[in-house]
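As a plain string of letters, each chain reads:
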Amino acid sequence: MNKLVAASLTALMLAMGSSSAMAEKITWSYSADLASLDPHAYDNTFNLGVLGNVYEGLIERGPNMEIIPALATSWEVVEPTRWRFHLREGVTFHEGQAFTADDVVFAVERSLSAGSVIKGSKMSSVIGAEKVDDYTVDILLNAPSPILINNWGNWYILSKSWAEENGISASPTTEEMQKAYSATHANGTGPYKVQSRQPDAKTSFVRNDDWWGEFEGNVTEVDFRPIGSAATRTAALLSGEIDLAIGLPIQDQDRVESAPDVHLLSGPELRVVFLGFDVDAEALPESNLDTNPLADRNVREAVYRAINTDAIQRVIMRGKALPTAAMVPAEFHGFPKDLERYPFDLDRAKELMAAAGYADGFSTVMECPNNRYVNDEAICTSIVSMLQKIGITVELDTMPMAQYSPRIQDKDVRRGIYFLGLSPGNIDANGLMQELVHTREGNWGTFNAGRVANDELDAIIEAAVSEGDIAKRDTLLAQSQQILHDEVYFVPLHQQTLSWGVKDDIDLIQRPDDVFVWKYATVNN
Amino acid sequence: MSDATSPRRGPAAALSRFFDGDLWYNFRTSPLAVIAAIIFFGLSLAAIFAQFVAPHNPFLAPDLMDGMMPPMWESGGSQTFLLGTDDQGRDVLSLILHGMQVSLFVGLAAVLLSVVLGVTLGLIAGFFGGVVDAVIMRIADIQLSFPNILVALLIDGMVSASFGRATQAALALPVLVLAIGLSDWVQYARTVRASTLVERRREYVQAARIMHIPSVIILFRHILPNIMGPVVVIGTLGLAHAIIAEATLSFLGVGLPPTQPSLGTLIRTGNDYLFSGEWWMTVFPAVTLVLLSLSVNVFGDWLRDALNPRIGK
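Chains as they are written, first to last, in our numbering: chain P, 1 to 525; chain S, 526 to 838.
Please note that the accuracy of each hint is not assured.
To be verified - Which stretches of chain P does chain S cover? Using the computed rule of at least three CB atoms under 8 Å from a CB of chain S, they are:
#: 1; stretch: 231 to 245
#: 2; stretch: 306 to 318
#: 3; stretch: 377 to 387
What the hints assert, rightly or not - Computed from the model, here is a short list of chain S residues facing chain P with C-beta under 10 Å:
#: 4; residue: PHE566
#: 5; residue: ALA586
#: 6; residue: PRO587
#: 7; residue: ASP588
#: 8; residue: GLN613
#: 9; residue: GLY614
#: 10; residue: THR784
#: 11; residue: ARG793
#: 12; residue: ASN796
#: 13; residue: TYR798
#: 14; residue: LEU799
#: 15; residue: GLY802
#: 16; residue: GLU803
As the list claims (entries may be wrong) - Pair by pair, the computed Cβ-Cβ distance ranges are:
#: 17; chain 1: S; residue 1: GLY601; chain 2: P; residue 2: THR173; range: 52 to 60 Å
#: 18; chain 1: S; residue 1: TRP598; chain 2: P; residue 2: ASP507; range: 41 to 49 Å
#: 19; chain 1: P; residue 1: LEU346; chain 2: S; residue 2: LEU548; range: 58 to 66 Å
#: 20; chain 1: S; residue 1: MET590; chain 2: P; residue 2: GLU164; range: 55 to 63 Å
#: 21; chain 1: S; residue 1: VAL656; chain 2: P; residue 2: PRO285; range: 47 to 55 Å
#: 22; chain 1: S; residue 1: LEU777; chain 2: P; residue 2: ILE67; range: 42 to 50 Å
#: 23; chain 1: S; residue 1: PRO536; chain 2: P; residue 2: VAL413; range: 53 to 61 Å
#: 24; chain 1: S; residue 1: VAL808; chain 2: P; residue 2: ASP507; range: 33 to 41 Å
#: 25; chain 1: S; residue 1: VAL808; chain 2: P; residue 2: GLY357; range: 45 to 53 Å
#: 26; chain 1: S; residue 1: VAL808; chain 2: P; residue 2: LEU346; range: 29 to 37 Å
#: 27; chain 1: S; residue 1: MET590; chain 2: P; residue 2: ALA259; range: 26 to 34 Å
#: 28; chain 1: S; residue 1: LEU777; chain 2: P; residue 2: THR173; range: 31 to 39 Å
#: 29; chain 1: S; residue 1: LEU585; chain 2: P; residue 2: PHE344; range: 57 to 65 Å
#: 30; chain 1: P; residue 1: THR173; chain 2: S; residue 2: GLN785; range: 34 to 42 Å
No lab work stands behind these hints, which were simulated from the structure alone. For each residue, glycine too, the CB sits at the ideal point set by N, CA and C.
Only chain P is shown next, with the shape it has when bound in the complex (with noise of 0.2 Å):
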């Protein structure tokens, strides 16, 4: 009995022994966890980043953000408003149903639903679809996009028939959304599966061997953990606990730089980060003003004169941040490289307040994400010592992502000024513009957080997303900058650096719109 005993335990330790020689496993850390493992339920690039690991999309965007065949294999331009996909074949999704036209109906009617936050990015035109057959499918616009499958690099597809057994809606609000089956479960088609969730502790993945495509990394087993703390995260890539720190606090770049076994991956982002206002004249709620002062241009450029972005660039960032005068990032089709920023000068500012008629100031409430973006409290904080000096007192409140990006797409909640970095998946400035600055209605101003309504403005993006002369398009692509930069609806910061902490032995490559994708990356014994 014993004997018996003692072979079947020196069995199972060879079992195990073998199973976890092979398994190559990356343990990888952000500050914060997922806020929902539902693709339409947040537009976040982070989270979608991590969950098109899971799922797919029509298209993806490839080490470079090419774009790139994924779910359909090719497609055409029927007519201006009638795009035809073809779609793979053959390819099932974790649970085992098979991917077919119906999937990719759903997908759009859910994304196209009244409580979607993704309409405006990645439905902006689109009006519904129609199956040809199950491996055909049209997506009917109401207006010429020549760009359109440029926004859908992290826009993904359920199952229809797991969707209708899990009481998924197709027309959820916002709020059901969110509560939904598939905020908790996931079932995709792509390289990784979901294994078990701890929310804010631990999510694990394993690899998807039924995948229709090829590996080019090894990695089976993937990790997430969201370390909240900045000094932690550190502390944990230098022990050897994870293997790689998206998000590497920028004050610890030189001590990993100067660590054996790790080194810093960095590089320019696709995100500027920014300062938006509430320009609607309606005073805000709590205050003790009949109107609201940030509807005055001029109260905005003093806003914007009184911010020291230098300071901020070199105390803050460390010097590790590129401060810009546009609201997209060098690298977008569309940038205005020859905008400058109103220079940093206080006199200037009191004069504009004086102007204004606010000579004594007045007070607002700032909201901003705690664990989002670089240093994002610190900025935040900073920031309002320097209104603070033109008399305007500021409130800042500031929270974590997972409440902040739901407060910012409602349209009900009205605040002073907050802080956001966007970064479209179209890498297109006129992403930006129908996201956050066109008019909220319908699909467009999905972001719109600070009520910006500028006829103007919204005439020339729609003419940009139909227009399909690149030199026209381009020609209304910086005449919206300029107007934006003229009117001071936001005060742009800085373009974000990426800064990731990676164990000498892992090979990956990073995306530079902050997105780690798995099947790239190889682990070397």
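Starting from the known structure of chain P, fit chain S onto it as the hints suggest.
Chain S only, in chain P's frame:
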């Protein structure tokens, strides 16, 4: 009647009686207690008068360009900022003084709350006994089975969930007091109940009862003064505990907002810069916290021994 036999009255007389008494003698001859008291009262005075003592006003717009300066004796340091500056350019010394003020206020208020609550419930339980005693003490037992910090976290979470975002920051201080105070009353209640059980059988209580003096008056006028000794001792030790609890909650990010410096929030923000070599942002507030709680603890220990008649000197 001569002066020697009549009890002296008035505050001056009370003071001189105190300085003639055993307690003061005991204190004078215990160097550790004297050192602890000097440190504690020194720090407390500096905190109370932070507005006048602190070299800078950390609430007035700091200049970001002064950020991350090391202490004055390190290279790159400046005479203006004795202990250096934080990531926002605020003077660390001034932040510590103002932060200590908040920590002490929260500590004292929380102890006061738990003393009032614990003593009242303890008196009632001990005096009336029976069902009242059973109910109060079982509640105490239940709460004792949770770690204090968990109870504080629960209260903090409940309060912030039931109030809107706007009021949350304004309420941070009272919520913190409430959370720490409510999580700490059990040991007062237990001690007071035990003492009351002993006292209520004494002759003076029996006499008062025979005279039909109302229970409330017996409890608070007759029994309470006789059991205050241990309460004072636990209260002193509890102060150190409450200060650390405040720092813990703020360190975990559920205490005070980052714009309102307390020792805990200072240690938390500074903690992010430990790896990059800006040690002064977290080490100085941490050392202050250690000094503060250690001095209170040492003083409390001495007080316990001094008030305990069984440990004679």
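Checklist entry - Which numbered hints does this structure break? => result Hints 4 and 29 contradicted; others consistent.
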